[in-house]
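Colleague: These are the residues of each chain, in order.
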Amino acid sequence: MKKQQTGQSMDRVDGRLKVTGGARYFADHHLPDLLYAALVCSPISSGTIKSINTTKALKAPGVADVVSHLNAPPVPGYKNADPGAKDGLKIFKDNRIYSNGQPVAVVLANTLERAVHAASLVEVQYNQETHYTDMNASMDKAFRNNRMKDYVRGDADAWKKAAVTVDATYTIPLEVHNPMELAGIIAHWDTPDTLVLYAKTQGVKNVQDTVKRLFQLPEQNITVHSRFVGGGFGMALRVWPMEVATILAAKKIRKPVKLVITRDQMFTLVGYRPSAIQKLSLGATSDGKLTGITHEAVAVTSPYEDFTEGIVAMSKFMYACPNVNTRYKLVPLNLSTPVWMRGPGEATGAFALESAIDELSYKLNIDPLQLRILNHADTDPEKDLPFSSKYLKEAYELGAEKIGWTNRKAAPRSMQEDGMLVGYGMSSGTFGAFRGRATVSATLKSDGSLILQSAAADIGPGTATAMVQIAADVTGIAPSKIQFMLGESAYPFAPQQGGSSTVSTLGSAVTDACKALQQKLASLAVSNVPAFKNATPETIVFEDGQLLKAGGQEKITYESLLQQQQLPEVNVVATSQSGEERKKYSMYSFSVHFTKVHVHPQTGVVRIKHIVSVADAGTIVNTKTARSQMIGGVVGGIGMALTEEAILDHRFGRFVNNNYADYHVPVNADTPPTNVYFINKKDPYINPMGSKGMGEIALIGFAAAVSNAVYHATGKRVRDLPITPDKVLDEKAAQQWKVENKLNT
Amino acid sequence: MNQFSYVRPSSLKAAVDAVAKDNSARFIAGGTNLLDLMKSGVVIPEKLVDINRLPLKDIQLNGNTLHIGALALNSELAAHELVTTHHPLLAQALLAGASQQLRNMATVGGNMMQRTRCTYFYDTTMPCNKRSPNSGCGAIGGINRMHAIFGASDSCIAVHPSDMCVALAALDATVLVTGPKGNRRIPFTDFHRLPDNTPQLDNNLAKGELITAVEIPANAYTKNVYYLKVRDRASYAFALVSVAAALDISNNMIRSARLAMGGVAHKPWRLYEAEKALAGKAPTEENFRQAAAIALQSAKTYQHNQFKTGLSVNSIQTALLKAASV
Ligand SMILES: Cc1cc2nc3c(=O)[nH]c(=O)nc-3n(C[C@H](O)[C@H](O)[C@H](O)COP(=O)(O)OP(=O)(O)OC[C@H]3O[C@@H](n4cnc5c(N)ncnc54)[C@H](O)[C@@H]3O)c2cc1C
Ligand code: SF4
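These protein sequence lines are chains A and B, in that order. For what it's worth, the numbering used here labels the leading residue of the first sequence as 495, then goes sequentially. For what it's worth, the numbering used here labels the leading residue of the second sequence as 322, then goes sequentially.
Hint data in this document are derived by calculation from the structure and do not stem from the laboratory. Heads up, a few of these hints could be off.
[As the list claims (entries may be wrong)] In silico DSSO-like pairs for lysine-lysine, Cα to Cα no more than 30 Å straight-line:
1) K544/B x K342/B
2) K643/B x K903/A
3) K1210/A x K368/B
4) K1210/A x K544/B
5) K553/A x K378/B
6) K550/A x K544/B
7) K1103/A x K368/B
8) K502/B x K553/A
9) K1221/A x K342/B
10) K360/B x K544/A
11) K496/A x K939/A
12) K643/B x K1221/A
13) K643/B x K550/A
Since the model is a prediction, treat every value here as computed from it, not as a measurement.
Please take these sequences and the hints and turn them into a complete structure.
Modeller: This is the structure in structure tokens:
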């Protein structure tokens, strides 16, 4: 037998292209007669456009046009429903301004610099109206959305009657994705009704579908290219208004147009993690059994869309608790629409739930890890189903061992090291393990190479690499002879890369396509190769890229089979999706995060010294890329815990730190050694590989592991992210500590 | 960005003339601040006078005085042996600033001349007296977590963002300037201004004047020094507060002290009273605490930066403890 490929730490198949500059991202493409777009964006947060004067801009050198609601071609797909319908921002449809930074015009010029300069010359007059961007001041506008009904299991608010309770409010600020690669698009109408797009997207088929709907074109008239994506994290899961604006501008000018937005525009045009206020209430018996969980969340949305996500999801099933209820409301503000940001709502919710569990542990005087084990849900209490696989207890154990949890003294503010307060914290995370529908085309060439195609995306996790490994194991073909092609709308359907489901969905389709290919080869052999004549296709065995006749000596390689039959290639297309198993089992991935922090007793500066993250994500296809994936999620979690916050000046409804210098994504110095471990046990039901998802759980719960450690170090509970020095700084306590310890360093 | 012309003179006189005679001309050195300001539309020069060919890169001892050319790069200076041996405080402060990439471009003169990072100053849709006199101050009544607690005025509460300058202020440096009216020397602590009602003026340099060098006199602060920078992320972030502490200790007695803070005022803020209070005292935690408390007596806070007083006291004390224990 050949070496099993899944489970190896194979290098990325496109790694070399990425590090040598050979990978071409959307903005790297150039087309003849290309025009560059620059946006003019609203400095007001609510109101209407009174007038747009483009005289100066149009006279500026190199300017081709200025496109706005005054002259944009119509979008046939904008629904003419009642004006109150919350179905998104219809860019350039009318003169209404909903949020600061909303694009009001696109300037087109023959160089980027000229477009940017001309954009500064467009004069726009506004009628300003009152805006609302302060969540706290707008709580009276909070409403329930139908998608997110209140949930009750057992008695609502049962925590109130419990012997020991926690009742606390946790807030997270608005966070912005801020990947290195800026958003944008290249739009080219090569005929009046055929459109070519180079997009930054997590799903070319989704772009095609959205554009098809908006412009009412047949699918085959829209071609979307997106071979490489420089970071998505959720922000590239939809087609944004400024991309539609670019398509409109290209339609009007009849030339290709490239838009790459600016860093500050990344704060207003491509979604964000909504700020949220959560009240988490827990009740427990005095020996630590949970008797009630109530999770109430309020999160922001835009005036024109209701964005909901899984903020309260985890609280419903994470712990064995008879009484659970959740409530979830939205507050519409004059902001653009939020979008999923890695871990999405679950990461927000986990911060509250896993902090509250930690708070409860101190009230009960039970180790926080023990408290979690004590309330471990052996079966899913929400769906009342067994889990398809759950190795959370093993993960707890492994993580505790690796961080040295036994070194932790129970009392807060009881550990010191090098003049620093030391704290240990932990938390858990979970996210649904999904499997969608995807189609893969598999083509075996007569030289024995295999080409797989599907309209999937790779926003960084190493999708093509994992698919090559999966295909290698099914077919026995060496990975070096397999190519997985993605990022083209012309390929067979694949869903968006999101929700930690790509390996599950696409890997299953790859498996099925490879098996279908083998069946086709078997039939070919049985009907055409003399040595296989009296066999049936079902009895053919595949090994090391060869067909074997069961029980016999006869064998033939794939390439000899094709060559003998004078076939240049054999192709199959297979679609794969989940079945009845999803009705019988509850499917989730789980993660456990442990951190050790140092807190400076006087300045309140928190430094994470050590991280251990353990994932129960089923079979790990590629240990190297999976490890990177986990570390990436953890770094996102460090940002969520310690540094990231988009700050608004509510007087203007404008972000005041909309740049990389002032919006703090973590840097290397914030990122300590991160030890990642995988349980790596197959889920028997979810899909042929037994792999669950991992992208989200890498981040979910992490912020709580940090805030819990900060509490353990200092005795100060920070319930308001991010944990910046000013929130930890505690003058009196700091003094006390220093006096007691006679510290002179 | 607007169109501008560009010249690269090779003599000091030509450089000075080029800026003195043209109201909208600006010197450009590393460009790490000026280009950002131009791209944001905050500064709109019609001419850039590139000074990088001028002979202002030298770092040398003149007698006991360290002479640092205005074009010395921040990264070079931080690593220079004369600095690490004679003025380690300066090296520490430099390395606390920006990132290696920026320090590789940033010059001493440019660092002194860098503008505030006040967000309202950068956003041309917002009010800001410094950018546009009499338009109001966006930060007062706005987001002012990063803003001043010393020496601010009703027209501006911005802080000077430099780390390097905090050390230079502590080390009694002198700024050497040449200009249309000849050469002059300005004590470092008089170089930057407080905002009063002319926040548009960051410093006392006249139009066309060019910084040629900074000089640091010999001093005894070669060992017991510490630059503490407290910030929201571990690197590549501006200071919430920073403290440059230098002590001359002998026989368990502080002969003299130098203390300056960054992130708290419109200029690097010397803590003269605290320095006086430390002179002649033992380097104890209690004495450091008292000095810190004295330093904060004149502090005034705004809505979001109230934490800066407590943080400053603790930071001054921490920096002094660190300096004393080296
Ligand atoms: C993202 C970011 C983070 C940063 N973080 C920090 C930090 O943490 N700490 C810190 O201290 N700094 C920080 N900086 C600022 C950095 O130190 C300054 O940008 C740099 O020192 C400016 O030097 P320069 O040579 O590039 O100046 P330039 O941008 O070339 O010039 C700046 C100004 O100085 C004038 N000028 C330059 N040389 C002279 C001269 N010889 N005489 C008279 N006028 C002159 C120019 O006309 C211009 O007005 C940061 C900058 C950025 C962009
Ligand atoms: S603090 Fe100064 S720089 Fe900031 S807005 Fe006010 S006037 Fe402008």
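Colleague: It remains to establish, for every hint, whether it holds in the given structure.
Modeller: We went through each hint and held it up to the structure:
Annotation: proposed proximity of K544/B to K342/B is violated, straight-line Cα distance about 46 Å (limit 30 Å). For a cut-off of 30 Å, the pair hint linking K643/B to K903/A stands: about 28 Å separates their Cα positions. The hinted pair formed by K1210/A and K368/B fails the criterion: a straight-line CA distance of about 54 Å is larger than 30 Å. Under the criterion of a C-alpha separation no larger than 30 Å, the hint pairing K1210/A with K544/B is inconsistent with the structure, at around 36 Å.
At most 30 Å may separate the alpha-carbon atoms for a hinted pair to count; K553/A and K378/B exceed this at roughly 44 Å. Only pairs whose Cα atoms come within 30 Å are accepted, and K550/A paired with K544/B is rejected, the gap being roughly 61 Å. Using a Cα cut-off of 30 Å, the hinted pair K1103/A and K368/B is violated, with the two alpha carbons roughly 49 Å apart. As the CA atoms of K502/B and K553/A are separated by approximately 43 Å, the hinted pair breaks the 30 Å bound.
For the hint linking K1221/A to K342/B, the alpha-carbon distance of about 51 Å lies beyond 30 Å, and the restraint is violated. With a C-alpha separation of about 27 Å, the suggested pairing of K360/B with K544/A holds against the 30 Å cut-off. For the hint pairing K496/A with K939/A, the CA-to-CA distance comes to about 21 Å; that is within 30 Å, so the pair holds. For the hint pairing K643/B with K1221/A, the CA-to-CA distance comes to about 23 Å; that is within 30 Å, so the pair holds.
Under the criterion of a C-alpha separation no larger than 30 Å, the hint pairing K643/B with K550/A is inconsistent with the structure, at around 59 Å.
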